[in-house]
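Colleague: Sequence:
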Amino acid sequence: MATLPSHPLHAPARPAELHLRSYRDESLAHSHDFPQLVLPLSGRLALDIAGRQGLADAATGAFVAPGATHATSAAGANCSLVLDLSPAMMNAQLLEQLALRPFVPLSQATGKLVDFMALMLEQHQQLALTQLQHWVPLLLDTLALAAPRPQSRLHVLMARIEAEPGLPWSVTDMAAAASISTSRLHEWFQEEIGASPRAWLAEVRVRQACRLLRGTAQPLAEIAQRCGYADQSALANAMRKLRGTTPSSYRKATDD
Numbered sequence: 001m002a003t004l005p006s007h008p009l010h011a012p013a014r015p016a017e018l019h020l021r022s023y024r025d026e027s028l029a030h031s032h033d034f035p036q037l038v039l040p041l042s043g044r045l046a047l048d049i050a051g052r053q054g055l056a057d058a059a060t061g062a063f064v065a066p067g068a069t070h071a072t073s074a075a076g077a078n079c080s081l082v083l084d085l086s087p088a089m090m091n092a093q094l095l096e097q098l099a100l101r102p103f104v105p106l107s108q109a110t111g112k113l114v115d116f117m118a119l120m121l122e123q124h125q126q127l128a129l130t131q132l133q134h135w136v137p138l139l140l141d142t143l144a145l146a147a148p149r150p151q152s153r154l155h156v157l158m159a160r161i162e163a164e165p166g167l168p169w170s171v172t173d174m175a176a177a178a179s180i181s182t183s184r185l186h187e188w189f190q191e192e193i194g195a196s197p198r199a200w201l202a203e204v205r206v207r208q209a210c211r212l213l214r215g216t217a218q219p220l221a222e223i224a225q226r227c228g229y230a231d232q233s234a235l236a237n238a239m240r241k242l243r244g245t246t247p248s249s250y251r252k253a254t255d256d
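Take 1 as the starting number for the sequence shown in the working numbering and just add one per residue.
In short, the hints are calculated from the structure, not lab data.
Just so you know, even glycine gets a beta-carbon here, dropped at the ideal spot from N, CA and C.
Keep in mind that the hints are not guaranteed to be accurate.
As the list claims (entries may be wrong) - EDC-like cross-link-like pairs, simulated, lysine to aspartate or glutamate; straight-line CA separation at most 16 Å: (1) K112 to D57; (2) K112 to E203; (3) K241 to E187; (4) K252 to E122; (5) K112 to D141.
To be verified - Derived CB-CB ranges, DEER-like: (6) E191 to Q123: 29 to 39 Å; (7) P137 to R52: 39 to 49 Å; (8) Q53 to E96: 13 to 23 Å; (9) S73 to Q125: 21 to 31 Å.
Make a model of the complete structure from these sequences and hints.
Modeller: See below:
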């Protein structure tokens, strides 16, 4: 995918503008007068946002506050949804919240919204753009609800699992990694995201499988293994349950 032109420096003419963008090895530091969200679909980006350095990937988005000097670099192939907002689209509380923590762990709900819009842009670009007025408030609401507590062990654990979904994670393993009991782990998941550890893990694995199906030509068996499934049939069963389709059908739909 070709790299799109540099970001505009002034607020978008419409309340929100959405782009699919790939980044070069390194971009020049710049700033703009509007809020921006960078939501990677594939690959990993290294960003410096107002002196704070971090990584953005499929599990972690990046927020650039108005006026914040920032630069982006990427070591390999990548693709991101980039959302440019007019300042009026965000309330002051959320703007301040994200500006303080510009690298944002993406919740299950946020991930589903990002995947939906990426698929819409790829298949029906004009229709996707008309849906922005409905999609953006939902996205911002999920970011507000999913704001992590400082030094949250649960979010550290979630980031670790999202980075390595292919490992044989059990609830016992997850609790041990967070240094808590399994019962406390269940309580944390219910309090933070309203789902059980197993349900959350199932969604993480299917989401990663969908990204690989959409963005790579890897064989289904290899994708299944990378995402923690025993075999291709287990992946197919999981996708039928959570996405209502099969891996082959999903890949074909995204290729059309």
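Colleague: Each hint should be assessed against the structure and marked as holding or not.
Modeller: We went through each hint and held it up to the structure:
1. K112 to D57: 15 Å, holds
2. K112 to E203: Cα-Cα ~9 Å, so holds.
3. K241 to E187: 25 Å, violated
4. K252 to E122: At roughly 13 Å apart (the allowed maximum being 16 Å), E122 and K252 satisfy the hint.
5. K112 to D141: 13 Å, holds
6. E191 to Q123: 29 to 39 Å: Holds - the Cβ-Cβ distance for E191 and Q123, about 37 Å, lies within 29 to 39 Å.
7. P137 to R52: 39 to 49 Å: Taking Cβ atoms as reference, P137 and R52 lie about 27 Å apart, which means the hint is violated.
8. Q53 to E96: 13 to 23 Å: Because 21 Å falls inside the window, the suggested range holds.
9. S73 to Q125: 21 to 31 Å: 28 Å, holds
Checked against the numbered hints listed earlier, the structure breaks hints 3, 7; every other hint is satisfied.
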